[in-house]
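Asker: The lines below spell out each chain.
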Amino acid sequence: MTTQIRQLPATPSMMSPPPARWPHLSTVVIVGLIAAVPLVFFGDYWMFVAAKILAFGIAAMGLQILYGRAGLMSLAQGAFMGVGAYAGYLVAQSGLGPGIQLLAVIGAASLVALIVGLPTLRLSPLRLAIVTLAFGELFNWLLINSTEWTGGSQGAPVEPLIIFGFDTSYPLDAYLVALAFAVPLTLFALNLGQTHLGRRMMAIRDSEMAAVSVGVFIPKTKIIAFVLSAVFGGIGGWLYSATTGFIAPPDFDLFASVFLLAAVVIGGSRSVAGAWMGTAFIVLLPEGFNLIGQPNLYALAGGLLLATTALLLPDGFSGVFAHIKSLITRMRAQEDRA
Amino acid sequence: MNATGYAMRTDQLTVRYGSFTALSEVSVGLRAGAITGLIGPNGAGKTTLLNALSGFTDVHSGVVYLEEKDVTTLAAHRRARAGVIRGFQTVRLLERESVLDNVLLGAERLHQPSDCSQILGLPAHWKWRTVARSKAADVLELLGLSSDSHRSVDSLPFASRRLVEVARVLISAPPVVLLDEPAAGLDQRGRIELAGALVRVHEQTGLTMAVVEHDIDFVTRLCGSVIAMDSGSHVMTGTPQEVFSDARVQIAYFGRAANAHA
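Same order as they appear, the protein sequences are chains A and B. Under the working numbering, the first residue of the first sequence is numbered 1, with each subsequent residue one higher. Under the working numbering, the first residue of the second sequence is numbered 339, with each subsequent residue one higher.
Read the hints as simulated data drawn from the structure, not as lab findings. A couple of the hints might just be wrong.
If you want the footprint, here are the derived chain B segments under chain A, 3+ residues with CB under 8 Å [unchecked claim]: (1) 357-366; (2) 422-428; (3) 432-439; (4) 442-450; (5) 526-539.
By construction, the Cβ of each residue, glycine as well, lies at the ideal position given by its N, Cα and C atoms.
Could you build all of it, start to finish, from the sequences and the hints given here?
Answerer: Here is the structure:
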């Protein structure tokens, strides 16, 4: 009986599409071309904007893991960017280099995520959102009231990162350094979709009962998602501060957190690519209003545009692409049958 | 296997929801390596019994044994890891994920590489993934779902969605399987196929199975023994023929005693 079933040949549908271990070559080429655009066409200012997109995009990918994959809403991703930025800043103040700074950024983000997450992850998603909101406010208050350490509400200049001769005080170098982090972090985020850990997170998002029934210990998986998202946020914030050369509490307040959440939702919370598209859109939108000479219009029209996009595209930008892809697949399947 | 011959059993199990007693001093057992049917009218306590066995409800008094170990207070996810895997009366799936991903969720119980090596995408993770996928392919084949494996479950007809859940339960070849009306919503042919597939799995793995089911033909086809329940109490246990011809069961089920069972 056993052998009879085991020997059944895999049906064609089981074999296609092949499980993709690495991104398809075409994807790599397209992403490479997009990443090369600033290098070829951009002057300093737009290079600076591109570096900002990369820094925010890394933080947005973290939030995508937490919100899109595990279904937990956080209103503290901006604060976690701040944790990373200030951890890097404090370590740099004592004269330590980028390697130690990175370790401090990862360590601080993980530690803070554990402190915030451990007592609260048993809460419902909505309550968790409220707790993260409170944490973000507390963090900002702390920054403002520890002036001797952080520069307080006035902020503080940040030493540029110098890695292998690349100096982030130059926009081109800042872009390249951010890219050097963005690429591997994107691969990690994509890989999560191939892991059982990632599937466990989706189960928590969709049905905790199903997750428990197969043996998932929910708090542990939630903590991992929370720490991962905080680490992405921390690294994003650290790179952001290195790019701008300055840190101040308002960069990491509630608005920053909401901004990142909007990026994830508009891009499409169900995919890593969505986090990137949403970030690019949301960073470039005010720049667009600057370009047409109406920067003040952003506050009004920007919000309207965001709301319209969210309403028109329930699955975000990436949902549109997924839809087109499934249409093509279906058309091909019909051709095959014909 | 153990001295009593039961893979799982309850002793004087009572479950209460407020003032309502859903199970009252129920002492029943799932014979190791057998398929046991759980029958009874609505409100008999079949699902509550399944919940108590799988750790999904608090027990007021009494004991739940797994292989003679007291697991009454063992959390549901730990009971699942210990080998008690259940399905739900209302299917609980990852609605917008593929059939394959839904089934692979059930691989949680298989020994996994560490979370860290999964995050970093180390070779151990890819090896595990291949093994889990081949197990998923086997169980999908068995349940006739192979051609749907890359479809999103929310695009499937109701009957197939049930089968996806059954596949999720079976992929890790758990020693104890608890299914809550797996054939609900299936047509006659689907029921016969499902019963056949469950019998085949059972023959291959020798697992212990409990199936809540209303359909007498399905139960007779599938189950070696049947536990009949009514109003939170255990009525009787016996072969399907014995149970369905028993006057008490017939009264509970059909509201009257009949000469010949259905």
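Asker: Taking the hints in turn, state whether each one holds.
Answerer: Checked hints:
1. 357-366: violated (count 0)
2. 422-428: Satisfied; 4 residues make the cut.
3. 432-439: Held - the segment 432-439 of chain B has 5 residues with a Cβ nearer than 8 Å to chain A, which meets the minimum of three.
4. 442-450: Holds: 7 residues of the segment 442-450 of chain B have a Cβ under 8 Å from chain A.
5. 526-539: violated (count 1)
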